[in-house]
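These protein sequence lines are chains A and B, in that order.
For reference, each letter of the first sequence is one residue, going 1 to 709 in this note's numbering.
For reference, each letter of the second sequence is one residue, going 1001 to 1709 in this note's numbering.
Everything labelled a hint here was simulated from the structure, so no lab data went into it.
All values derive from a computational prediction rather than experimental measurement.
Misleading hints may appear alongside valid ones.
Said to hold, decoys possible - Derived EDC-like pairs (lysine to aspartate or glutamate); straight-line CA-CA distance at most 16 Å:
#, chain 1, residue 1, chain 2, residue 2
1, A, K698, A, E685
2, A, K441, B, D1244
3, B, K1363, A, D323
4, A, K363, B, E1444
5, A, K109, A, D201
6, B, K1036, B, D1244
7, B, K1454, A, E602
8, B, K1312, A, E444
9, B, K1441, A, E444
10, B, K1441, A, E685
11, A, K241, A, E534
12, B, K1312, A, D445
13, A, K454, B, E1602
Protein chains: 2
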Amino acid sequence: MKLRLFALSMLVLTAPALADEGMWTFNNFPSAEVKKKYGFEPTKEWLDQVRLASVRIAGGCSASLVSADGLVMTNHHCARTCIENLSGLQKKDFNKEGFFAKTMADEPKCPAMEMNQLVEITDVTKRVQDATKAVTDDKFAETQKSEIAKIEKDCATSDEFRCDVVTLYRGGRYDLYKYRRFQDVRLVMAPEDAIAFFGGDPDNFMFPRYDLDMTFVRIYGADGKPLKNDTYFKWSAAGAKEGDLTFVSGNPGGTSRTLTVSQLEDDRDYRLPQRLFRLSEIRGLISEYQNRGPEQKRHSNDTLFGVENAFKALKGRHGALADSAFYGKLKANEEDFKKKVNANPKLKKEFGKVWDEIAALTKKNATMRKEYGALEGGPYSDLFSKARTLVRYAAESSKPNGERLKEFTDSRMPQLKAQMLSNAPVYKELEIAKLTWSLTKIREDLSPDHPIVKKMLGVKSPAEVAKALITGTKLDELAATAKDPKTGKPMADTTSRTALFNGGAAAIDASKDPMIEFARSFDAEARAIRTKWENEVEGPLKKQQEALAKARFAVYGQSIYPDATFTLRLSYGSVKSYLEDGREVKPLTTFAGAFTRHTGAEPFALPKTWLDAKPKLNLDTPFNMATTNDIIGGNSGSPMVNKDREVVGLIFDGNIQSLGGDYGFDESQNRAIAVHSSAILEALEKIYGAQRIVDELKGKAGSPAAGQP
Amino acid sequence: MKLRLFALSMLVLTAPALADEGMWTFNNFPSAEVKKKYGFEPTKEWLDQVRLASVRIAGGCSASLVSADGLVMTNHHCARTCIENLSGLQKKDFNKEGFFAKTMADEPKCPAMEMNQLVEITDVTKRVQDATKAVTDDKFAETQKSEIAKIEKDCATSDEFRCDVVTLYRGGRYDLYKYRRFQDVRLVMAPEDAIAFFGGDPDNFMFPRYDLDMTFVRIYGADGKPLKNDTYFKWSAAGAKEGDLTFVSGNPGGTSRTLTVSQLEDDRDYRLPQRLFRLSEIRGLISEYQNRGPEQKRHSNDTLFGVENAFKALKGRHGALADSAFYGKLKANEEDFKKKVNANPKLKKEFGKVWDEIAALTKKNATMRKEYGALEGGPYSDLFSKARTLVRYAAESSKPNGERLKEFTDSRMPQLKAQMLSNAPVYKELEIAKLTWSLTKIREDLSPDHPIVKKMLGVKSPAEVAKALITGTKLDELAATAKDPKTGKPMADTTSRTALFNGGAAAIDASKDPMIEFARSFDAEARAIRTKWENEVEGPLKKQQEALAKARFAVYGQSIYPDATFTLRLSYGSVKSYLEDGREVKPLTTFAGAFTRHTGAEPFALPKTWLDAKPKLNLDTPFNMATTNDIIGGNSGSPMVNKDREVVGLIFDGNIQSLGGDYGFDESQNRAIAVHSSAILEALEKIYGAQRIVDELKGKAGSPAAGQP
């Protein structure tokens, strides 16, 4: 591995001192710093326009509006699930073959894809912090949750809006993010997986790179028509070249840059290794499962992709913490922080014990982890998750908003409902494999003698239990449409997922569905361990982390960025080479390089469309691009724009050195990787014949309606 | 997990202070300490008799002679490979069904099982250390290897003897171990896997336990007749009960109790996690491979068992190092040691820098690890290993003994030859799965652009390469016996493994076997990285470790035991309960408990023989037993004897708390787990009708010849 992160900056402890570091919130962006380094100062209006042209995919990616008619650009790997679902529904393999809707009428709806546009940010710190001021540690989590539910409900005046109170600086600040919510998203164009993910797992997180990791979808309004929107990113004619200033607007999923050393140690020695052991095992299992046959390969591709991607990302993080120089720097940062707190009697009195308190809570957390994972995390199975949600939805939806489990509060309901009633296909054979494995792991974690394991398995083996549950359940079915052969009337539907979702507690209580019975059987125990954890770990930890954030503001000031939280952030940087093993890695690749790398064997086989189109292509077209923007998982699909807010690229990855970015940023080597805007146009036009999209991106008159029936 | 090792002793740094700690060499056994604690003092004659009744299975287990006619007792899991091989050859499933040879004539030969009896130990420290006294660091490994080869060759006067120079105290002492070598070992009796490994992976390393993990084999002499031997263990009439003194004589494979903190850190942060990631992945893969069908399940069982066992053992070790209290203690031990060295000017001058030197070499080692693993470790495939051995055997066997790679020196040849010409079956389908996976991992480690990866794969995928190599090779075949249909004469055999083994360099050079070509294609590069590693890491590290051992002797005296080295050791202890989560775990289980634990579903399903025999059984028969003996992997199959040298048990496991035993021993919780001697007799007699074995164990007149044809 090439993980070198020695020249680590001071991270979030100090202002970034001209390093391109930081995943900045839109209401605390260091415009002056950018001006100092790059000579351009983003104004409030500029920031507002960028924010409104950015959209988040609620499932865990970023995207952007790129036309006035709701056209959205994101990564192929962010739309994989939609592509696989549509393949299953239409008995095709769009992942393998690619997809292009010739006209708007041909754009099929992605099952359960939600997009959010951030329309307003409001500071609610005082309200949230005041609510918990007087409560004891064990009531902290519950009290805060209840207050947050109220704020969110007041904000989300209709299903059109989604409101989330976002915990920034791990409790130093609470902002209310109000989003416009879009639930009708349709697939427009996706290239073949072979070029979207050219190089596959071996090249994942590597550079140089040659991936067309793009997909276009379109947002439709409640009226079933393409969204009309004023604010979107226009296309850059030239794209970016080496040295150009670049901005990335997206939703980094999470970082751990402000964890204490005791938490880092827990990550290094326990949390990351354990997750990696499990990911490795399921990786081996699914890889071999793919040998069962072509359909099994097709329907498990998305799962395998997710597993391999997570494995490599977390392995990189573990590698960073295992690097004694890197880890030593993180320890030194904490020492510096502590020294500064202890040097000030007032701060010492108020915050001096925070680190020890967090260490104790981290130890306590470790003791609950396995039970929590097995019971509240629950077995690894989509149908189990659906059963769990049905059981809890029936119970929670009848409670007052503030008393519900947080995933069932009013502001979460529209997304939940869409997911539960989505027609995304379920593959029972894969479900059996996953559930069998997962039950084995739960038994391994808790021991065969644990009462819950006995309840789950009885005297059967994990394979027997999994097979019985998955083959017996009807939760893969939506509303039954069968008609009575005699009367011709619709049959009474009491077993489908739709019926159980709409039927409330009575339907759930009466259900004989084996998966519902299974989920019910340990729901009380799962809730109990969750409550215990929330009261004894989560709440007290939130309180300590609020204190730590206050200490950090006191010592280092307000011009710092918070850890990532899968909310909209802006990072700045430039197209820039870097050194690897003493050798310069240039920041731009070309189409020609992809043809050189082509061997013909997966995952280095270019699709036929590319081989056929080669004579027509400008092989000097820039393909992928490395920049110093500070990003992390969740940023996938983010637009990369220039100072004129024009698209110059599409973020899809980071280099291998950037994987330690969870814990710290090193401008000398961390690189964000994007598809160059020119590559997108060249491919759409000359390889995929997607002229209507090109015209729409270029804002040509008449598009996109030209293609409409 | 229940890993608690807080009350860790001072390990090997001090005399064991009445803790039952230590895997003692037979020529430095602390008899006086045993007398102090248990009132019994083993004499030299007692130790000699125990040594001679103990045998080692060269492949990695322990065993013991239990009759005058060469009957040997070991674990079922130590004979699994033999059982699986014989099943493949005879198209049976003896692993599932069990095996019992009704008469001696029915005892089939295990392919390539070698046993060693330790007949003499000679101190050769001066000779080995003197040889390297004047050489530079980079010549250390080569010079020492050459001297050791000479000593071993002088000692092994015929194939009947095997001589190994054993590095004790990581270089503090070198002893020449002379073994009698037995290469004709035959299977006598094995119970069903379902009871040998009752509880399977979930109960592995757990206690209470209910496993009949035993197998009997018999050593035959060169004359094809059962070995006549004077020295063997007699059977205890009563077995052991709580509080009884117990000795375990066996071959612990390796411990890491004298590693420096820099080496421990490398284990915790790099070596163990990396191995565990790989083991997890292959575990998932083989688990799913077993779903291909019953034959695939049968022939991959042994592989899966090995993988799961290693995973659990190494995970326990990682868990110990990840335990900050345990790790802190190891650090404190080193601090104490360093302080004592530095307090003495002479010692400080001579040894003060050793720790830093070892730390630097550990870092250097880390930089070579991936290339070394991929090239010199080589792909994971039995047929590749055979090809590699054939290629190297042809080259090495023509060199002078002292200049060969150490696995090809004269004293290693008999075992090598037996392995290469063994008729153990090879399963090509499993080989393809393993090799495909392994090539993928090599590409992952080295990157697709590494010249060796390009050489291995060319423009093909790992799956294509693996399939072509495995289906194309003839290395699974022994000497061809086909006859020319016209002449009736034997066909010329140039392709079988036998032909290539006997044909020398000319045969190898001329071979068009694809696996031979593959192995040849990167042999030079593999040898180069090995030489580099030996000269730049192994040799210098050996030198530093010799120095560290001398420092340890100087500070703590000679009454300490060396780290385990898969050579014969004796440990003492007693049958004893322990506390787990505040609850006392009794040290003995009974047959009745096994029936209680039986659910009917794998791996908690007792075999039919047990269910049928239940009415006849004495359900109060002690089954498994926990003792304070200090053991580790490699000790499997070790006899447990009382002070009268009678068998009271058969070691097969340690409890979960003992897994940290690689790094340190905690008498309060570490337990060795054995099958009780009474369980063995009861089962042989009442379940398996193996009266001839019972008679032989009891030394009844007429046995075992009674059963002979």
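Taking the hints in turn, this is what the structure says about them:
1. Annotation: proposed proximity of K698/A to E685/A holds, straight-line Cα distance about 12 Å (limit 16 Å).
2. Among the hinted pairs, K441/A with D1244/B is inconsistent with the structure: their alpha-carbon atoms are about 38 Å apart, more than 16 Å.
3. At most 16 Å may separate the alpha-carbon atoms for a hinted pair to count; K1363/B and D323/A meet this at roughly 11 Å.
4. For the given pair, K363/A sits about 35 Å from E1444/B by alpha-carbon distance, which is inconsistent with the 16 Å threshold.
5. With a C-alpha separation of about 29 Å, the suggested pair K109/A and D201/A falls outside the 16 Å cut-off, and the hint is violated.
6. Distance hint between K1036/B and D1244/B is fulfilled; the C-alpha atoms sit about 15 Å from each other, no more than 16 Å.
7. Only pairs whose Cα atoms come within 16 Å are accepted, and K1454/B paired with E602/A is accepted, the gap being roughly 14 Å.
8. Between K1312/B and E444/A the alpha-carbon distance is near 10 Å, which keeps this suggested pair within the 16 Å criterion.
9. Only pairs whose Cα atoms come within 16 Å are accepted, and K1441/B paired with E444/A is rejected, the gap being roughly 26 Å.
10. Restraint check for K1441/B and E685/A: the C-alpha separation of about 38 Å exceeds 16 Å, so the hint is violated.
11. Proximity of K241/A to E534/A is assessed by CA-CA distance (about 49 Å); at most 16 Å being required, the pair is judged violated.
12. Taking the CA atoms of K1312/B and D445/A, the gap is about 12 Å. The hint holds against a cut of 16 Å.
13. Taking the CA atoms of K454/A and E1602/B, the gap is near 14 Å; set against the 16 Å cutoff, the hint holds.
Hint compliance for this structure: hints 2, 4, 5, 9, 10 and 11 are not met, and every other hint is.
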